Structures are given as C-alpha cells and as structure tokens.
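Q: Sequence:
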Amino acid sequence: MTREDIVVRLTVGELAHGGAAVARVDGRVVFVEGAIPGETVEAEVTHRRKDFWRAQAISVVEPAQARVEPPCPFFKLGCGGCQLQHVGYEEQLAQKRGVLHHQLEQAKLDFPFDRIDALGMDDPWRYRLRGEFHVLHRDGTVALGFYRKHTYRTLPIDACLIHAEAIEHALPAFAHAAQDPAAENVTALQFTWAPGSRPIGWSMPTRALAC
1 MTREDIVVRL TVGELAHGGA AVARVDGRVV FVEGAIPGET VEAEVTHRRK
51 DFWRAQAISV VEPAQARVEP PCPFFKLGCG GCQLQHVGYE EQLAQKRGVL
101 HHQLEQAKLD FPFDRIDALG MDDPWRYRLR GEFHVLHRDG TVALGFYRKH
151 TYRTLPIDAC LIHAEAIEHA LPAFAHAAQD PAAENVTALQ FTWAPGSRPI
201 GWSMPTRALA C
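If you count the sequence shown from 1, position 118 lands on 118 in the numbering used here, and the numbers rise without skipping.
Worth flagging that the hints you see were computed from the coordinates, not collected in a lab.
Some clues are possibly wrong.
Listed next, with one range per pair, are the computed distances between beta-carbon atoms [claimed, not checked]:
| id | residue 1 | residue 2 | range |
| --- | --- | --- | --- |
| 1 | 198 | 118 | 28 to 38 Å |
| 2 | 152 | 176 | 17 to 27 Å |
| 3 | 185 | 61 | 42 to 52 Å |
| 4 | 126 | 173 | 11 to 21 Å |
| 5 | 114 | 90 | 11 to 21 Å |
| 6 | 137 | 27 | 45 to 55 Å |
Here are the computed lysine to aspartate or glutamate pairs in the DMTMM-like style, where the Cα-Cα straight-line distance is at most 25 Å [to be verified]:
| id | residue 1 | residue 2 |
| --- | --- | --- |
| 7 | 76 | 132 |
| 8 | 149 | 91 |
| 9 | 108 | 168 |
| 10 | 149 | 5 |
| 11 | 76 | 44 |
| 12 | 149 | 132 |
| 13 | 76 | 90 |
| 14 | 50 | 33 |
| 15 | 149 | 165 |
| 16 | 149 | 44 |
| 17 | 96 | 114 |
| 18 | 96 | 122 |
| 19 | 108 | 51 |
| 20 | 76 | 5 |
| 21 | 76 | 91 |
| 22 | 149 | 139 |
| 23 | 76 | 33 |
| 24 | 149 | 42 |
| 25 | 149 | 168 |
| 26 | 96 | 139 |
| 27 | 149 | 33 |
| 28 | 76 | 42 |
| 29 | 149 | 51 |
| 30 | 108 | 123 |
| 31 | 76 | 123 |
The model shown is predicted, which means the values in this text are computed figures rather than measured ones.
Note that beta-carbon positions come from the ideal geometry of N, C-alpha and C, so glycine has one too.
Generate the whole structure from the sequences, applying the supplied hints.
A: Structure representation (structure tokens):
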C-alpha cells in the first residue's frame, strides 16, 4: 500500500466488517472510516490498491441521524480500541446484522435471514472483562495504552469506557509499577476480571532478550 493525499466527496453505503463504510468511485470500492451509512462526507484517501481504496472521513457534509458524539476523548485521537463510537447503538446493531447477512451470502450458506437478530445490551459500556494494554516506555516514563489505528504506535490512555471499571482503576498502579527498571522488557499487560470478584488477574508478555 502507498500513502496518498487525495480528498474526495463520497456518499457512503453499508458498513463492512471492521467498521468502515463502503462507497464506490468509478467502480472502485472505497472503505471510509469515520462515516455512517447514508452520509455524504469529505474523505482523505489514505491508501490505494488496484482493487480498493481506504479513506478517512475528515468532514461530514450531510450527517446521518444515527451520528452521535463519541463519549470517549481518545476515540478522536485515533485510538484503535473502538471503531463505532460515532454511531448510535441501535444503528450499530442494525449494521452488524447486515454484516453477518452479507458474510453468510458470500459463504453461500442457506440460512433464513429473518431468523437472525442482533441482541443488544441494556448498557453498551463496561462489557469487556479482558484486555491487553501496550506498555509505552518513553523518556524515563511509562504509560499504558492501545495501538493507534492501523499502526504499532501506542496511544497513552488512562481510561477506557468499554472495559470493566475494575480494570480501568488498575491502570495507574500498573503503569507506575512498570517504571521499575526490572520491567523494561515488558511490552504489554493483560488483565482479566470476573464479575463479583475484587482482584483482577494479570500477565506480562515481554520482549526477547538479545544474546
């Protein structure tokens, strides 16, 4: 893939697997991140391949009714932990149902689509009971975070709305502990929490040491 600096105006259709909306330019498929089905957006083409393009919405010309303000401040900074915070929850469910329908059709599976439903949660937050946070060692300090979208560069975060509060509350203490020189080869921290319990489980993947 190559980086491009091309801005195009697109009206996008359904969401694809991964959360990007699908548009077409001169017969070519364009996957547009940050857009919602039915919207017209200005999008910057980030990668071009022979069979498809990737783009990022940089302004919304005609917003969809389902567009909402992302509640997480890190979403706008390019955090790779979430893809759909700008989409209302009911629309998320409808689009996920559509993605499954498309995948079943692609696999040529004979399954009655009217029997498929997306079952939502009463509260679509704090549902993740397990997570891996990358450790960023920089200038003598340590931070925990997620990779930025489509990169291996860590975005430091101190809160995450999709993880259980027990995991979120543990982040500062573990970031502090990772400042110990003995932890310089720790690359990530993995947390697990069981509802109803106080402690959380954790493990530390490390870099291999050079011989």
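Q: If a hint holds in the structure, say so; if it doesn't, say that too.
A: So, going through the hints one by one against the coordinates:
1. 198 / 118: 28 to 38 Å: 33 Å, holds
2. 152 / 176: 17 to 27 Å: Given about 24 Å between the Cβ atoms, the range holds.
3. 185 / 61: 42 to 52 Å: The hint (42 to 52 Å, Cβ to Cβ) holds, given that residue 185 and residue 61 are roughly 48 Å apart.
4. 126 / 173: 11 to 21 Å: 19 Å, holds
5. 114 / 90: 11 to 21 Å: 19 Å, holds
6. 137 / 27: 45 to 55 Å: For residue 27 against residue 137, whose Cβ atoms are near 47 Å apart, the range 45 to 55 Å holds.
7. 76 / 132: With Cα atoms ~20 Å apart, residue 76 and residue 132 stay inside 25 Å; holds.
8. 149 / 91: 22 Å, holds
9. 108 / 168: Answer violated: residue 108 to residue 168 is near 42 Å, above 25 Å.
10. 149 / 5: The hint holds at about 18 Å.
11. 76 / 44: Distance ~16 Å between residue 76 and residue 44 Cα, so the pair holds.
12. 149 / 132: Roughly 15 Å separates the two Cα atoms, so the pair holds.
13. 76 / 90: 21 Å, holds
14. 50 / 33: 19 Å, holds
15. 149 / 165: It holds: about 24 Å lies between the C-alpha atoms, which stays within 25 Å.
16. 149 / 44: 15 Å, holds
17. 96 / 114: 14 Å, holds
18. 96 / 122: 17 Å, holds
19. 108 / 51: 22 Å, holds
20. 76 / 5: 20 Å, holds
21. 76 / 91: 20 Å, holds
22. 149 / 139: The given pair, whose Cα atoms are some 23 Å apart, holds under the 25 Å limit.
23. 76 / 33: 12 Å, holds
24. 149 / 42: 19 Å, holds
25. 149 / 168: Status holds; Cα separation ~21 Å.
26. 96 / 139: 42 Å, violated
27. 149 / 33: Status holds; Cα separation ~10 Å.
28. 76 / 42: 17 Å, holds
29. 149 / 51: Within the cut-off at roughly 22 Å; holds.
30. 108 / 123: Outside the cut-off at roughly 34 Å; violated.
31. 76 / 123: 22 Å, holds
Hint compliance for this structure: hints 9, 26, 30 are not met, and every other hint is.
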